[in-house]
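Novice: Sequence:
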Amino acid sequence: MKIYIKTFGCRTNIYDSELIMAQIARFGGEICKDENLADFVIINSCTVTNGADSDVRNFIYRMNRAGKKVIITGCAALNKGKEFFERGEIFGVFGMSNKNRIAEFLNKGERFCELGNLNFKENALLNDFKSHTKAFIKIQEGCDFNCSYCIIPSVRGKSRSVDENLIIEEVKKIIAGNHTEIVLTGTNIGSYGKDNGSSLGELLQKLGKISGLKRIRLGSIEPSQIDEKFREILDEPWLEKHLHIALQHTSQKMLTIMRRRNKALKDLKLFNELAERGFALGTDFIVAHPGETDEIWSEALTNFKKFPLTHLHAFIFSPRDGTHSAGLKIETNGIEAKKRLKTLQSIIRENNLKFRKSHYNNLFVLVERKNGEFYEGYDQFYNKIFIKSSHELNRKFLEIEKYEIGNEANFAEF
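If you're matching positions, the sequence shown starts at -12 in our numbering and goes up one per residue.
By construction, these hints were calculated from the structure, which means they are not laboratory data.
With a straight-line cut-off of 20 Å between C-alpha atoms, the simulated SDA-like cross-links for lysine to any residue are: (1) Lys292 / Leu257; (2) Lys145 / Ser84; (3) Lys256 / Glu209; (4) Lys(-11) / Glu17; (5) Lys250 / Asp214; (6) Lys160 / Ala12; (7) Lys193 / Ala163; (8) Lys(-7) / Arg88; (9) Lys357 / Thr167; (10) Lys55 / Leu24; (11) Lys69 / Gly144; (12) Lys326 / Leu288; (13) Lys326 / Phe302; (14) Lys(-7) / Ala12; (15) Lys325 / Asp281; (16) Lys108 / Cys(-3); (17) Lys159 / Gly199; (18) Lys292 / Thr330; (19) Lys383 / Phe401; (20) Lys293 / Glu260; (21) Lys159 / Ser118; (22) Lys325 / Pro306; (23) Lys344 / Gly265; (24) Lys121 / Gly(-4); (25) Lys69 / Thr36; (26) Lys160 / Gly195; (27) Lys117 / Arg(-2); (28) Lys55 / Arg98; (29) Lys145 / Leu102.
Being a predicted model, the structure only gives us computed values, none of them experimental.
All chains should be modelled from the sequences, with the hints used to inform the complete structure.
Specialist: Pasting the structure below:
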C-alpha cells in the first residue's frame, strides 16, 4: 500500500504530517514521494483563509481526476471535511484526534468519516525528523483567543498543553538523531502551561539543559505572554536572538475592532526593552482589515515606525467565512491596500539592513540546503546568509566570523 501525504499550511501541520508518516510506517505502509504512484493520498489541510480552502479543493479535484483515493485531515477536515465526504469527493476524512487510527482506516478499505473531537492532547512521540534540517516540536494545540478575523479556534479547539515530560523525551530523541536546532510550534505556543500550572518560560528553562541542543527557535508568541519566567531565559546562549511577537496592527482603534488583547503603546515598551537586549524582532500585520480608515492607517503608520522591527509577515486582509470580520465593511480599495503593504515592507527592509550593520557579530548558522553555488541558512537573528564553500556543509552548525552585508542577506566564504 503506497501513500502520498500532501501538507498545506503551518509548521504545526508539518509536525502532524510527520506523526502520520510514523503511524503509517508502524503498520508497514509505504510513504511515496510521487503522488502519481500512490494508492491513497492523504491531505493535511489548512483552512486559515478562503484561499487556503480553494487550494485544498483544487488539489482534491486534481487527485480525483488522477483516480486516487483521497483522504483529508487537518484544519479543513473539521470545517469542510463532512461536506467533501457527503458529496463523494473524498474517500475518507479524519480529525487529528483520530490520527492514531490511520492503519484501521486504510486497512478496512471502506469510506469513512471520523471527525473526532477538539479535546484531545497529543501523546505520540517522534523519534526523528529526518526530512527537515530543523526539527519542529509541537508543544500545544488550540487557542483561547477570539480574534475577529480568525477561524482557527473553531477547528483546533481550546488551548491544551502537551505533557512536559513527553516534550523533553521527544527533544532528547531528536537531538540524539543528530539535530542541533529545534523549533517549538503549536497553535498558540505562548499559552503553553496555562492548563497544567507551567509556562513557556519554565519549559524553555528545562529544554535548554538538554545536552547537544544548540539552539531553540520559537513560533509566534503574543506580547502578553512574555512574563517574568520568559524574561529569565532571554540571555541564554541557546535561545535564538530573534522573537516573532504578533501585533497584527499598531492602531489601538484597529486592535479593538480586531478583538485583539494587546495594547499598541504597551507593546512598544516591550519591543524597545527586547531591542535593547540585542534581539531582532518580527511581527504580523494585517493591512486593510475592515475599519481601517485613512485616519486609522495614519495613526498605525506613525506608531509602526516607532517599533524596532527587523522582520515582517504582512498581508492584505482576506475575508474568512465564518468569522466576525467577514461581515464587516472593508474601507480600503485594493490599490491602496497594496500601497500600504509596500510601505510597511519598505520600512522593514531598511530596518533590517540597519540592524545587520549595527550588529556585526559572529554569526551562528545552521546550514539548511545548497542552492546552486551557495549554501543557505539562517543566523541567530533569523537573517538569511549565503555561504560559498568547497566543503560539504549541509546540516552543519557553523560559526562565521567574517561576512559581507548585502541589501537582502549576508554573504560569506567558509
